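Trainee: Here are the chains, one letter per residue:
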Amino acid sequence: MMTPLKKWQKVIAYSSLAVVLAWTAWGIFAIWIILTS
Amino acid sequence: MINKLTIIALFINVVLYSNMATASFDDDEACLMCHKYPNMARITDDGARRSYYVMPEIFANTVHRNVPCRDCHTYINELPHKKVDTGVTCNTECHSIKNPATGKPFSHKIIYDAYSKSVHGRKKIETSLENDKPYCITCHTNPLYNPKEEAPPKHIIDRCVLCHEDEKFAKQWYKHTSRRINEVKRSSIEIVALCSSCHEDQKLIDRHVKQAKIDERALGKKFPVAVESYKHSFHGKLTKYGFTKTANCLDCHAEKDNYYKSVHEILPSRHEDSPVSKTNRVETCKRCHIYADESYANLDPHPTSYQEDNVFRYYTEIIYSLVGDFALAALIGLSILETIGRRRDGVAWRLLHGSSWRRKSKRGRDRKI
Amino acid sequence: MQLSNHASSVLETSMQQNKIDDAEKKEIEDLISALPQDRVVIYKNVVSNPIGDIYRYNIHIRIQHMLTFVTFLTLAFTGLPIYFFDAIWAEPFNSLMGGVNVSRIIHRTIAAVMIFSMIYHIVTITLGPLARIKLGIFDIRRTIIPLFKDIRDFKDDILYFSGNRKERPEMDKFNYKQKIHYFAAAFGNLVMVISGSSFLFPAFWASILPDSMVAHFQELMRISHPHEALLALLVIAFWHWYNVHLAPGRFPMQWTFLTGKITREHQIEEHFLEYLRNLVEDPEEREHLRDMMESRELLNDDDTEQKMDAGDSSS
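Residue numbers (my numbering), protein chains in the order written: chain U, 48 to 84; chain S, 3 to 371; chain B, 77 to 391.
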């Protein structure tokens, strides 16, 4: 089992996840634009 | 082809944005007697409306303002005049305007003759494919509004006026020279747009390719894909983004020497005098790529992936895409397989009982499986 | 647990290289034999700190990863609007970085940083093993070098995922997935550097290649550079980020790239052979493991066996 993350660790982890997801989402959007125009 | 209607429309548009002095137009020849009427026009045999409306206050601000009507329209001998056939050609000599440098009548003959010898050269009235070529007025209108001419700076005019006395005279001469000094050369983006207006026209390209095949005449290898391939090249992409130090059409296809003349002397690439002919190519590249040598000339500034144009690139593109797509699909497929596969480990169990995806409050150090 | 032959060999080598005396050897072997046979039982019951428990990546590797990560994304950012020049997002995206005048400088400068990182890495992975060889503690199975075992592991893992094998294979420090990714990235990096250099120094490449090849080489480079970049970007976004952020057991983020440490759970599941070495090298780890297993009554020692006989319903 994993010991729970401390508050500051959660901030770092979730923000980096958010960055990565945002970049991926943008990438999907950009690819969709390219393929449909 | 830009017809007179377009020119008039241009005049009307620009008038809304410019502040110009009122006209001083000496209508000695009485042309305006009829031509001042907005509806002065005729319908041609093929149903087009050709306008012959001249707005004196607009014309008085163009570069031809001091040229009397019949200096160009030399064929007008009586009023009302007979039907016009060819009209004005740009190699007409002006009776009234003398070239101050040579004392001879002013004319555009030098450029006109040079242009006639180029690949684009044509007569004003042409038939069939020759009509696709640009005439002078395709690219050159009667320039009207130049922001640099708008307000001659007072601190300069004040000086001129001290000797030349007439402020109007001083302002006109200021405008005349300042526009030419201030580099009215078209920007790279404008040049590309200008050349593209014909060289990107698919119908035009198809006509010429077809006719060349019928005539068994050689056509430039890149002619069918000229603009498209340029736009896909690095030169083209950077130009599109506003970078000015990269090659546009004229930087390679026109001579470096006497730029303004050479852009009217463009020759096909198979002609030995063309800057992009096999013999001259390296020197042309060297204008920017100073370390270029003979081998450098092998590089293609108009790359395409079409099979007819570049077989190697065509297949390389296909193979690369296949390999890339396969690799990506394989990796993602592996991830999916793994995620589902690890379920057997109790990933589902873990999700149920608390995992890093979803925590449960009671994690139970004492819990046994 | 009963170790496989391969695992035993790994354990033996490690004990030899670390000059373990007989007493300690017995302690290690006892602990291992007391563990449950099923690795899943072990890793589901150890306590792991998501920040990391066991040392894995040294500072140099972490710096290089950071450099690669930052440079790669920046290069992609500045390069994408050039390749996809007629997409509607291209111009605004490019302007965001100051237009092509600026982005071309950024792209080339960052490329130089990436090359530096590449050289730094090559130095690290050369000197490291050399030092270990000198000290007599080198084991090729702990390196990123692909071995036949990785092919067997891949096959076994696929069998496991598809339900045809009852447990995951015992994999070493760098499993097949990481080796694939590493060499794909290394190859990709090399392609990017060479193709990039052909754009920056076209005259140089044209002069050293035979004339008939010049045009073809350049066209190959013109295709490779954006395709490889795009492929790498897609792999990073959809594969690498999935594995380090979204995969079960890693969510929300795997901390190894910062701390250099891997969680116990992950190590036992996917890098068990390396975990054996950890047990050899680190007595504290042995103690932790023993404590964790004992608290859950999972150890098959002589002591616990009696408790089990007494009607305990564990395992």
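Since the hints were derived computationally from the structure, they do not count as laboratory data. Accuracy of the hints is not assured; some may be wrong.
Derived pair list, reagent style SDA-like, types lysine to any residue, alpha-carbon separation capped at 25 angstroms [stated by the list, open to error]:
#1 Lys242(S) with Ile284(B)
#2 Lys54(U) with Lys249(B)
#3 Lys242(S) with Lys249(B)
#4 Lys280(S) with His321(B)
#5 Lys120(B) with Lys242(S)
#6 Lys242(S) with Met173(B)
#7 Lys85(S) with Pro58(S)
#8 Lys288(S) with Phe277(B)
#9 Lys156(S) with Thr143(S)
#10 Lys337(B) with Ile80(U)
#11 Lys249(B) with Met173(B)
Listed below are several chain B residues computed to face chain U (Cβ distance under 8 angstroms; list not exhaustive) [unchecked claim]:
#12 Val123
#13 Ser124
#14 Pro126
#15 Ile127
#16 Ala163
#17 Ile164
#18 Phe259
#19 Phe263
#20 Trp317
#21 His321
#22 Pro324
#23 Pro328
#24 Met329
#25 Thr332
Remember, it's a predicted structure, so these values are computed and weren't measured experimentally. A virtual CB, placed ideally from N, CA and C, is assigned to each residue, including glycine.
Trainee: The structure should be examined with respect to each hint, and the outcome stated for every one.
Mentor: Going through the hints against the structure:
Distance restraint check for Lys242(S) and Ile284(B): the Cα-Cα separation of roughly 32 angstroms exceeds the 25 angstroms cut-off, and the hinted pair is therefore not satisfied. Note on Lys54(U) and Lys249(B): the hinted pairing is violated, with a Cα-Cα distance of about 31 angstroms set against a maximum of 25 angstroms. Note on Lys242(S) and Lys249(B): the hinted pairing is violated, with a Cα-Cα distance of about 50 angstroms set against a maximum of 25 angstroms. Annotation: proposed proximity of Lys280(S) to His321(B) is violated, straight-line Cα distance about 56 angstroms (limit 25 angstroms).
Proposed proximity of Lys120(B) and Lys242(S) is contradicted: the alpha carbons are some 58 angstroms apart, above 25 angstroms. Taking the CA atoms of Lys242(S) and Met173(B), the gap is near 16 angstroms; set against the 25 angstroms cutoff, the hint holds. For the hint pairing Lys85(S) with Pro58(S), the CA-to-CA distance comes to about 22 angstroms; that is within 25 angstroms, so the pair holds. A threshold of 25 angstroms between alpha carbons decides the hint, and for Lys288(S) with Phe277(B) the separation of about 14 angstroms falls inside it, so the pair holds.
For a cut-off of 25 angstroms, the pair hint linking Lys156(S) to Thr143(S) is broken: about 29 angstroms separates their Cα positions. For the given pair, Lys337(B) sits about 40 angstroms from Ile80(U) by alpha-carbon distance, which is inconsistent with the 25 angstroms threshold. For the given pair, Lys249(B) sits about 41 angstroms from Met173(B) by alpha-carbon distance, which is inconsistent with the 25 angstroms threshold. Interface restraint check for Val123(B): the shortest CB-CB distance to chain U comes to about 6 angstroms, inside 8 angstroms, so the restraint holds.
A hinted interface residue such as Ser124(B) counts as satisfied when its beta carbon comes closer than 8 angstroms to some beta carbon of chain U; here the least separation is about 5 angstroms, so the hint holds. For Pro126(B), the shortest C-beta to C-beta distance to chain U is roughly 5 angstroms, which falls under 8 angstroms, so the interface hint holds. Taken as an interface hint, Ile127(B) checks out: its beta carbon lies about 7 angstroms from the nearest beta carbon of chain U, inside 8 angstroms. A distance limit of 8 angstroms between C-beta atoms decides the matter here; for Ala163(B) the minimum to chain U is near 5 angstroms, and the interface restraint holds.
Given hint, Ile164(B) at the interface with chain U, holds; its Cβ is 6 angstroms from that chain's nearest Cβ, closer than 8 angstroms. The beta carbon of Phe259(B) comes no nearer than 23 angstroms to any beta carbon in chain U, farther than 8 angstroms, and the hint placing it at the interface is violated. The beta carbon of Phe263(B) is not positioned within 8 angstroms of any beta carbon in chain U (closest approach about 22 angstroms), and the interface hint is therefore violated. Residue-level restraint check for Trp317(B) holds (minimum Cβ-Cβ distance to chain U is 5 angstroms; threshold 8 angstroms).
About 5 angstroms separates the beta-carbon of His321(B) from the nearest beta-carbon of chain U, less than 8 angstroms, and the hint is met. Residue-level restraint check for Pro324(B) is violated (minimum Cβ-Cβ distance to chain U is 11 angstroms; threshold 8 angstroms). Hint status for Pro328(B) relative to chain U: holds, with the closest Cβ pair at about 4 angstroms, below 8 angstroms. Below 8 angstroms, beta-carbon pairs count as interface contacts, and Met329(B) has one with chain U at about 4 angstroms; its hint therefore holds.
The beta carbon of Thr332(B) is not positioned within 8 angstroms of any beta carbon in chain U (closest approach about 12 angstroms), and the interface hint is therefore violated.
Violated hints, listed in ascending order, are 1, 2, 3, 4, 5, 9, 10, 11, 18, 19, 22 and 25; each of the other numbered hints is respected by the structure.
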